[in-house]
Amino acid sequence: MKEHSNLSTNRMNNLGAAWLWLGVLVVGLALPLASPAQDTGYISGTVTDKSGAAVVGAEVVITNTAGSLTRTTTTNSDGAYVVPGLAGATYNIVVTAKGFQKYSATKVVLDVAQKIRVDVLLTVGVVTEVVEVTGESVAQVETQSSALTATVTGKQIDQLMLNGRNFTQLVTLTPGVVNQTGSDEGKVGIYGNVAYSMNGGRTGYNNWELDGGDNMDNGSNATLNVYPNPEAIAEFKVLTSNYGAQYGRNGSGTVEVETKSGGTSFHGSGFEYLRNDFFNAKSWAEGADPTAKKASYKKHDYGYTIGGPVFIPNRYNSDKKKTFFFFSEEWRKESNTSSAPSSDVSTTPNVPSDAERTGDFSDLCPAIPTGQTTTTFTHTAFPDCPATNPGAATLTTFPNNSVTPSGVGTALLALIPKAIPGFTVGGFPAFHQTISTPTTWREELIRIDHNLTNNYRLTFRYIHDSWQTVVPSPLWGNGTTNFQNVTTNFVGPGSSFVARLNANISPTLLNEFVASYTGDHIFLTTGGPVALPSGFPMGFIFDNGFGGKLPAIDLSGNAAYGGGFGQDSGYFPWHNANPTYTYRDNMTKMFGTHTFQFGAYIVFAQKNEANSPNVQGILTLDTGDANVTTGNAFADLLLGNVASYQQWTAEKQYYDRYRIAEPYFQDDWRINKRLTLNLGLRVSLYGTYRERYRQAFNFDPSAFNPANSPALDPNDGSLQQNVGNTANPLNGFVQCGGKGGTFPLVPGSNFPTVSVGSSSNAGCLKGHLFNPAPRIGFAFDPKGDGKMAIRGRQHRIAGRLPTARSFRDAVQRRCGA
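Quick note: the sequence shown uses the numbering used here, first residue 85, plus one each step.
Hints listed in this document are in silico derivations from the structure and should not be mistaken for laboratory results. Just so you know, these numbers come straight off a predicted model, no measurement behind them. The reader is advised that the hints may include incorrect statements.
[Unchecked claim] In silico DSS-like pairs for lysine-lysine, Cα to Cα no more than 30 Å straight-line:
1. Lys673 - Lys871
2. Lys757 - Lys867
3. Lys871 - Lys757
4. Lys366 - Lys239
5. Lys186 - Lys406
6. Lys673 - Lys182
7. Lys736 - Lys633
8. Lys673 - Lys186
9. Lys405 - Lys673
10. Lys186 - Lys871
11. Lys867 - Lys186
12. Lys405 - Lys186
13. Lys186 - Lys134
14. Lys406 - Lys377
15. Lys239 - Lys405
16. Lys502 - Lys366
17. Lys366 - Lys383
18. Lys404 - Lys239
19. Lys186 - Lys271
20. Lys366 - Lys271
21. Lys871 - Lys191
22. Lys383 - Lys271
23. Lys271 - Lys239
24. Lys417 - Lys404
25. Lys404 - Lys191
Could you put together the complete structure from these sequences and hints?
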């Protein structure tokens, strides 16, 4: 994976598009045949008699214990059989041949995407005589793949105690996986995190797949779009390394999750997981204070599942072997207290006193002598007292140690909480607040499995997560936040849809096609006292027509306020959506001792997101400049003496796009009973990122014209004013994939418009289209009994950065935004 921020022509992009559509054509041609996903496995073996001779034409019937799937095949001239396209489940195997006793193996466990061998030894006799074995006595170790894997079954999941009831925690049961989420409690939604390092790989380079479809938030690669109910998971498999060419896209581990399906009989469950502070002990800090109460912690996780056949007696599916359903619904209701100062905000607790809020600073200044309105003092004696002459050696107080609050200061007081009476920190007034941060979450999961014939199976699965929470600060804000009186209302529904068609075209030819959609839609709004009062007398705030909220404040320089404090007012409303469409086709062909797999994986991904600009503005108040300060930053706020002010002109929505096409070929070659070679090649064809409406810009050194350079102030490096009509603050910038031209910048300023050049490169990035990823591995069964395996592999895997890092951080956005 290589990405460069310099420019190139669009030849790579055009070639990438050609490869992409070639991949689509391959998938389209495969569709009439139908198609197994990479989350299915197979059972294979050899049928022999006691002399070791192959039994040709023996019938092998494999049925899952739920009764919803039956596969039948016959042994070839070598006595070999293979039944591919099997979902992770428990199976029964029956083998019959003329002149031999029936062979029956029960409770044979096949994990997700596992390949196991069950070799059968037939005894001479009549078919009515049966030789029975159980799953524990047949080979359960995968001896045909070099992949390092671990599997957790649905039964184990039901019995495991998961702190937070998040299925992603199951990955930590795998050797070589390290939890880097920073929490031992699994959470969902915005608090969800899948930062798990697998065998030392990067946390953002893992694949998380659900029923063969993508489930990653591809904007960050740090969280998932949906979190299926653990009660609805049939099996959970982790491939940490050494996997075959059928796996790709990202360069670290792969997690395969298979949801439950219905069977021939009805089954269901109900559950309630309760956590309450009633059961908690006090923390150490709470125990040290006899008056302290325990922090509130309430969590309810409850729901139900039901599955079975879809039938109408005597009319449809009367034998209950054709159509099956599974449905799950789950609710989460949480209410936890969040205290400030806390980890959610900065830890400065000092605030102005009630008297100071009215403009009276007598508590920080010397007493005024009787008969006078002012007095003198030194900064050393009264470091936080506002003065009328802050640059002098001998300072003079304001009349009666009071300032008259302006309309600016009065309005901004809404952002600063009042001190708690009698509560001080470091001898100064302080505050402490506890607020409730409620979270509500609901999920529906529906899965339909339909046997078109005994050899064709169609699966549809849909998951919808709907949740809402309150974050005790402006989320992903631009300013400092010390208080929790401005909150973020976070709404984040996610969805996942998978359609899968498995086809056993012949006993030796299998095809699987998977089409999936996944995405989330995040909406952020502000809660708290941020509304801009009508007639707010702050004319220097640029009217960008956005939000109508108070500007953020950042105050520093006084010990009375703990060194300073700030409060962000946010940039909301804000919206994000990241729909991702994936298509996968896997063809499996058994030929002699070879198992060939070949196919393609195609991704069409979007990241539709507003930027998070400082559209409300940030007022900075400090005591560093005697020309604009009184020596007390809070007094400056009341008076409207602003040290600096920053504000963006607009908030824009961007529509990023990228495509991936990955054809592959894999050969699992069974050299002999003990040794299998795994040989494969995957070619990752990565298209470069682009912004759909050409709102991306980047700097091109060849487009820079020294004659149009704006002058810089030698003192602070800022743009000087009145530098002439030829000056261009965006000199050298080009429009990615656009014709360039003149764009608005800051109306009413010396730079109301700017000019940018053109670029034929839609992403302003030099892509790396062709990324071959060869795989060479082996699996060795030293005893030949299927009870032990030695594995090894040398491979190369390509991956790509998430959208936010590889594109958004590399290029600039729309001029003026």
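Comparing the hints with the structure gives:
no. : hint            : in the structure
1   : Lys673 - Lys871 : 26 Å, holds
2   : Lys757 - Lys867 : 10 Å, holds
3   : Lys871 - Lys757 : 13 Å, holds
4   : Lys366 - Lys239 : 35 Å, violated
5   : Lys186 - Lys406 : 27 Å, holds
6   : Lys673 - Lys182 : 28 Å, holds
7   : Lys736 - Lys633 : 18 Å, holds
8   : Lys673 - Lys186 : 28 Å, holds
9   : Lys405 - Lys673 : 27 Å, holds
10  : Lys186 - Lys871 : 24 Å, holds
11  : Lys867 - Lys186 : 27 Å, holds
12  : Lys405 - Lys186 : 24 Å, holds
13  : Lys186 - Lys134 : 14 Å, holds
14  : Lys406 - Lys377 : 58 Å, violated
15  : Lys239 - Lys405 : 24 Å, holds
16  : Lys502 - Lys366 : 28 Å, holds
17  : Lys366 - Lys383 : 18 Å, holds
18  : Lys404 - Lys239 : 24 Å, holds
19  : Lys186 - Lys271 : 51 Å, violated
20  : Lys366 - Lys271 : 23 Å, holds
21  : Lys871 - Lys191 : 17 Å, holds
22  : Lys383 - Lys271 : 12 Å, holds
23  : Lys271 - Lys239 : 22 Å, holds
24  : Lys417 - Lys404 : 37 Å, violated
25  : Lys404 - Lys191 : 21 Å, holds
Consistency note: the structure conflicts with the earlier hints numbered 4, 14, 19, 24.
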